[in-house]
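Protein sequences appear in the order of chains A and B.
FYI, the numbering for the first sequence is 203 to 993, going by this note's numbering.
FYI, the numbering for the second sequence is -7 to 164, going by this note's numbering.
Incorrect hints may appear among the rest.
Claimed, not checked - Here are the simulated lysine-lysine pairs, BS3-like style, with alpha carbons at most 27 Å apart:
#: 1; chain 1: B; residue 1: LYS26; chain 2: A; residue 2: LYS232
#: 2; chain 1: B; residue 1: LYS125; chain 2: A; residue 2: LYS232
#: 3; chain 1: A; residue 1: LYS987; chain 2: A; residue 2: LYS658
Please keep in mind that the hints were generated in silico from the structure rather than gathered at the bench.
Since this is a predicted model, take the numbers as computed values, not measurements.
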Amino acid sequence: MNTIYKPRVKRKYVGTYRPKIDSKEKTMGKIQYFADVTLEGKFPNMLYGKILNSPYGNATIKSMKTEEAEKLPGVYAVLRYDDPEIRNLKPTTHAWTDTAITPYHRDTIPRFFDRQFLSNTARWVGDQMGVAVAAESEEIAEEALSLIEIEWDVKPVFLEVEDSMKPGANILHPELNPKSNQLILHGAYDDDITLNIGNVDKALKEADEIIEVSNRYGGTASHGTLDFRGCLIDWTDEKLNVWTNHYYVDQTRMYLHVHLGVPLAKIRVRNGYCGAHMGKWNTGEDIFYVVLSILSKRAGRPIKYQMSVHEEFHDGRNHTTWKIKMAAKKDGTITAMDFHGIGNSGAYFGACEYNTEFIIAQSVERILAPIENIRVKSQCYFTNRLPGGVTRGIGNIQLAFSLCQAVDEIAEKLCVDPIEIIKKNFGDAFTPKPNKSIAAVLDKSAEIMDWNNRKKSCEGELIDGCKKKGKGMAFWNEWHSEWQETARGRIEVAFRINPDLSVILNAPTCETGAGGNSALVFACADNLSFLNVTPKDITWIAQNDSEMGLRDCPPTDSIVSFLMAEAMPEAAKKVKEEFCKRASLLLNIDASALDVKDSKVFAIESPDRYVSCKDVMMDVDCVPIYAHVVRDNNKHVTGQAFMAWFVDVTVDIETGKVEVEKMSVVNDCGQVMHASGAESQQIGGQCMGLGEALTEDICYDKATGTPLNFNYLDYKMPVMADYPDIVPALMEVWRGAGVYGASGIAEGAVTGTAAAIANAIYNAVGIRINSVPIKPEKILNALAKKEKGAK
Amino acid sequence: MNDLELIVNGRNYKLFEGKDFDASDTLSKVLREKFGLTGVRLSCDEGACGACTVLLDGKSVLSCMMLALDADGHEITTIEGLDKNDEVIEAFSEMSEPGYGTAMQCGFCTPGFVMEAHSLLNNNPNPSTDEIKEEMSGHICRCGCYPGIAKAVENASDKRKKHKCSCKEGKK
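Put together the whole structure using the sequences plus the hints.
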């Protein structure tokens, strides 16, 4: 079926199907990433940094001998955990998210200062701690680390929440909680109840049906990007120069300023393109920036560090279990939800609380608003696992995995189509019920995926004697619209009009693949249509530079495309005003009586009196027109758009293999900023969604806590052969504030994939799989259990 | 001491061990560091992701998995050796057909996919969808643009037939 969307407002460039602005350069390999701009030949004096990755998951350094490493030819500096400069540093958080203001100034994600630079304590196998070296080559740096003798006090590891509570388990973060491994939340809560609306107990008593689910999502997946995190730091004189692939130069600058006390004017941070982000930069204050700075100062040389594939796994999807009790009346009204979120934070906070407390509190107004009785219990515990961090779809994905399965289960009990249950019971707090956006994305999906022909669970036909087909679905709110992005402060954009009317667009953001740069160029062209500007006439500045540029806007929640575009009408107005002002001297007409169209400034009353815009520029000896806008976000609350995932699966009951054959991804965007880019996010998000759902699985040696597959061979990400037929569909039903009124869709594109697959598996073979990845052995075990139960 | 003769993007080079390269250097390292050919991406460095793919006598190889010395006497084509009007380059960069998204997002893996597509089309000018999927599945695109990439390879194959082009790289 035809899924080409119809734009609400037809624009020349914004919202159209067209290639990305940088697709040719990307295809030809001309884009320079961090490793390319920091080739040895470009910094001949450069050293390489390495930080110890702890071989133990729960251990403290008793003593360390570094003499042999220091004597090794080619070693320039060794920085130890007991170095006074290191020990005088403040602790850090690794939970900063997408603002330049630091956790020392304000909570962004609630702050827990649980990380020290080069700590003497290792809390997971791979923890970067203890010691760092600077050497002439990576090989020498590695050899130097291997020559360091460390005497360890090794304690037993524990990977599960239950074990973290046992009496013998040592306390991993006594600075946060001296009594247990539970993270004490910032709110003063009784019995860890963080939210209590209405009367859940009463509603549960009065319910016609109650279901209970318990599902774990996370703890198994990483970002899986190819351009590994790194920086090159030159602090050989007063100035601290940084090159990095971090997604936010202003944040990196603030980070170094806060920890090293260097004035902002003496720190210059530069980035460019980054080979995908997927959330990994959100907790951007990686310790290596500070460690490398000190090493550079000590060694008197620029120094480079880039993670290996092994190190690139150093934070991942938060491990979260959601137990949900859901009560409903016979007519399909959900009367109560009782949530219990249990986060296995791993070795550090890593935004874990965000998943179990913050996100559900937000969800109440975003998606659960019509439900009258809601109670949430939220608990997080430290263990010796890889710490969580921010990963695309953070928090929402864990909650959706459990909630969408609960909806499917209660729908079956009530003999009501889950689509009707969702339409009846879910929506945001700010738009009328029933929510039009939810209805639109569900109906569209149902049409694409032939939902009306869905059979009851297990009633599908048997194919080839061993395969059963099933259909499943999930839904969620989009992530984010403008009113939800007020924490970003203000947004800066500038147009510089050259004498030939070509344009330099200063809309600073790191292009990580999110494609905001394309949408921004199209918006710039639309807004400067009075100069007949096309996207080809516009150069978007790809390099962010904290010394030269505007404050950048990090590409999270896929909001860059419209947040910066919303500032462009005002920038275009300023350009027009400046043309009129300059032309008024040439035409001898007051500027207020002039307008600009077709690259001409003309008298409104007598259009035959005009001067070309190019002549206006020449008259001032080519001084460009520069329009700079600082825009405060529009805080008008406009409610929420929604999205849906529908899948067809085949389950092989002999091998346990699940094949996703077809899926639809339907997003209400409010305003499509770039149709091809948006579709690319809908389709592309499924690489993480399908991978996490089915194959991506970080495995541990349980005795030592050693992760076993921190590489891209044994950690199985989807490749082309694994991809199903994906039908993307864009819609414009909901509308935000502003000229465009768009909503981000890319962050959320992964949210419902696994939940839809789990529901489709139930529809096919009648088993509920309560954790990801859904590997064949889980299917076979559940089928065997089901068969045993039936006997 | 081993000297090394390479034909890189159509030009002959002689490299001297110790001066221009070390015997332990991988081909990817030499292409990036010595020749500055940064379109040869280095990521996993263990043959899992395909980002470092180049053509050796017209056939795709993982340049992180072979020593530069093993390429002695061979013709190497990197992404920099392709013409901007090349059918595969055009097909990847123009991909915006409704329903397929784009053929890249961040672009990091793209040159590797382009070189793999060349290798495929050199060997099989008219691949089926299944053959494309099979051949391109040694590469990871974490942005997940597989449908757009597959469609781009199909389009490149069609364009080549239209232009009656036969790929020249690697043909001595």
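Which of the stated hints cannot be reconciled with the structure, identified by number in ascending sequence?
none
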